[in-house]
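Colleague: Each chain, written out:
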Amino acid sequence: MADFETPEIKEYPVIPHIKLGVMSHSKPFLSKEEFQEPLGYPGELVDDWQEKAYAKMEELLGKYRSFRVYLDSCVKCGACTDKCHYYLGTEDANNMPVARQDLLRRVYRRKFTFAGKYFPKLVGAVDLTKEVLEEWYSYFHQCSQCRRCSVYCPYGIDTAEISMAAREIMDSIGMGQKYCNEIIGKVFKIGNNLGLPEPALADTLEGLEEEVEDDTGVPVKFPLDQKGADILLVTPSADFFAEPHVDGLIGYAKVFHQAGLSWTLSSHASEAANFGMFIGSYENMRRISVRIREAAEELGVKRIVFGECGHAWRVAYSFLNTLAGPFDFLDPNYPVPQHICEVTYDLIQRGVIKFDKSENDHMTLTYHDSCNVARASRMGDEPGGQFRIPREIIKACCNNFVDMPSDTIGEATFCCGGGGGLLTDDLMEIRVKGALPRMQALKHVVENHGVTHMAAICAICKSQFTKVIPYYGFTMDQIVSVHQLVSEAIILDGADTDDDGDSGDEE
Amino acid sequence: MPIEVNGKTYETDEEGYLANLSEWTPEVGEAMAKEDGTELSDEHWEVINFLREYYDEYQIAPAVRVLTKAIGKKLGKEKGNSKYLYELFPYGPAKQACKYAGLPKPTGCV
Chain A
0 MADFETPEIK EYPVIPHIKL GVMSHSKPFL SKEEFQEPLG YPGELVDDWQ EKAYAKMEEL
60 LGKYRSFRVY LDSCVKCGAC TDKCHYYLGT EDANNMPVAR QDLLRRVYRR KFTFAGKYFP
120 KLVGAVDLTK EVLEEWYSYF HQCSQCRRCS VYCPYGIDTA EISMAAREIM DSIGMGQKYC
180 NEIIGKVFKI GNNLGLPEPA LADTLEGLEE EVEDDTGVPV KFPLDQKGAD ILLVTPSADF
240 FAEPHVDGLI GYAKVFHQAG LSWTLSSHAS EAANFGMFIG SYENMRRISV RIREAAEELG
300 VKRIVFGECG HAWRVAYSFL NTLAGPFDFL DPNYPVPQHI CEVTYDLIQR GVIKFDKSEN
360 DHMTLTYHDS CNVARASRMG DEPGGQFRIP REIIKACCNN FVDMPSDTIG EATFCCGGGG
420 GLLTDDLMEI RVKGALPRMQ ALKHVVENHG VTHMAAICAI CKSQFTKVIP YYGFTMDQIV
480 SVHQLVSEAI ILDGADTDDD GDSGDEE
Chain B
0 MPIEVNGKTY ETDEEGYLAN LSEWTPEVGE AMAKEDGTEL SDEHWEVINF LREYYDEYQI
60 APAVRVLTKA IGKKLGKEKG NSKYLYELFP YGPAKQACKY AGLPKPTGCV
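Top to bottom, those sequences are chains A and B. Under numbering that gives the first Met the number 0, think of the first position of the first sequence as 0, with each following residue one higher. Under numbering that gives the first Met the number 0, think of the first position of the second sequence as 0, with each following residue one higher.
Hints are computed from structural coordinates only; laboratory data are not their basis. A virtual CB, placed ideally from N, CA and C, is assigned to each residue, including glycine. Incorrect hints may have been included.
Just so you have them, the derived chain A footprint on chain B, three or more residues with Cβ under 8 Å [to be verified]:
#	segment
1	60–74
2	101–107
A few chain A residues facing chain B, derived, Cβ under 10 Å [said to hold, decoys possible]:
#	residue
3	Phe28
4	Glu32
5	Glu212
6	Pro235
7	Phe240
8	Met362
9	Asp476
Make a model of the complete structure from these sequences and hints.
Modeller: Okay, here's the thing in structure tokens:
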């Protein structure tokens, strides 16, 4: 399947010369009628698609003032040009953020500005032709909405919002993306991205209880739909299904157990992810969010805690109250919602949970800041908490930690290459190429500081990295969940004390 | 891209997953594997058969830990891990084995 070349990691990062259209062939599978209709979109490209697209753009310009400001305010200074991981990895000129924005901006100018209406050639304004639409479909699915470019833009133009608007316009004329839309449909129908029904979820959780008890001798529970529990944990369904995600889930359960907190998962809201954001659809984002509220009310919980998921935390932290609030029925002594890292960090601070760091001594860790956590949310009550708290947790349970170069972490973090609805096999080329800057930074700390593993707190980052890092000569088991480290080192009361903590590998 | 086995044509989706899972036969699984250059061994079939049984009961492929545990029980503990499964199915047990088993591809952040 790999019909492309993996970019070479150079000795130091290089800003490539631009190439024209070398990624124009990259297009995700189109969504079919069966995936479009549950989301309220036409099943195929509508007859009067051009007029409908203009009308949708006008609607979005009216609804979101930011959208118009972003389209009007670019001065072509070039600060963003070398900031996108997809540009650095593909060298395609259209993957420079300003060029990606211009794909939409030139249509906006033609239709909605004086100069573009009367002197289109002077301002680079064009009609929305079939060719332009095809370019949109290709290049707005080569943006992971990670917002790194917006950090460097002197006007703060957010390409992510422009990508979201473009996808919303395309969806509204019947040109949706299969990956995102099929998944959103599954959330509505079954409750999560995977399509994991309640009996399968219950069976999976039961298996995990057995596994943890076999490993530790401690009956750590994974409660499901338990009415009257204090905490509703909402986590990406990948945590039930995949590795290393599931090791993170085991970590949350051990933390709750050791701290004596009463918690439950919900089969109705068995998904933290909210792909409604990726496709720029307020309505779909709201419908997904409302499930969390319904579950919280139904179960009568006092707190809502989110597991390790990047964009879910953005939606939760920034929008949940607007989308599905008010949450006045929850305990006002806790933030709504809370991140699992905030919960764990607080318990560490208060000495409620303790670690045997030596359990993680076979690793030297680095930490990948997930884009949506880094640039679209916060943890704790101080600026930068979203960078500090996960690192403090890792340092509390590991002796060996080294950060990657400073221009690749924190608010300057590079996307994993698979965010924003691109985590699908039909986009493997852009995923592999877009991972280049992160791989470069990882290689640096591996070679210079002996780093062996990279921890992440986002389901997409974890899946993307386990899949793409072999292309760069690493192995998939070098990616770990933050709460996997917690799980390994946490001291559980009543645990078997014989020295075979790593029995998972020995069995 | 429909796939032809013993003169019968089977519809598949864009990525070669069987469109109608009730049409699946072991020969279809063999043919799909052959297209990928894989010869299915008894060990492959242990996994594929388990996936089908699990799917019959739960309408979803098993989570990785459910699968490794089941395979460990059947084939011995040293094989009850994802490393072994990746040796059998290098494109990932969930995705590649599901395809040969005639099941839909798992979706989501996986």
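Colleague: Once the shortest beta carbon distance from Asp476/A to chain B is found, is it less than 10 Å?
Modeller: Hint holds; Asp476/A Cβ to chain B Cβ min 8 Å, cut 10 Å.
Colleague: Would the hint on Phe28/A be counted as holding, given a Cβ-Cβ threshold of 10 Å to chain B?
Modeller: With a closest approach of 5 Å, the Phe28/A hint holds.
Colleague: Verify this for me: three or more residues of the segment 101–107 of chain B with a beta carbon less than 8 Å from a beta carbon of chain A.
Modeller: It holds, with 3 qualifying residues against the three required.
Colleague: Min Cβ distance, Phe240/A to chain B: is it shorter than 10 Å?
Modeller: holds, 4 Å
Colleague: Checking hints one by one. Is Pro235/A an interface residue toward chain B, by the C-beta closer than 10 Å rule?
Modeller: holds, 5 Å
Colleague: Hint check: is the beta carbon of Met362/A less than 10 Å from a beta carbon of chain B?
Modeller: violated, 17 Å
Colleague: Count the residues of the segment 60–74 of chain B whose Cβ falls closer than 8 Å to any Cβ of chain A, and tell me whether that reaches three.
Modeller: Holds: 7 residues of the segment 60–74 of chain B have a Cβ under 8 Å from chain A.
Colleague: Double-check Glu32/A for me: the hint is only fine if its C-beta lies closer than 10 Å to a C-beta in chain B.
Modeller: With a closest approach of 14 Å, the Glu32/A hint is violated.
Colleague: Taking 10 Å as the limit, does the beta-carbon of Glu212/A come near enough to a beta-carbon in chain B?
Modeller: violated, 13 Å
Checked against the numbered hints listed earlier, the structure breaks hints 4, 5 and 8; every other hint is satisfied.
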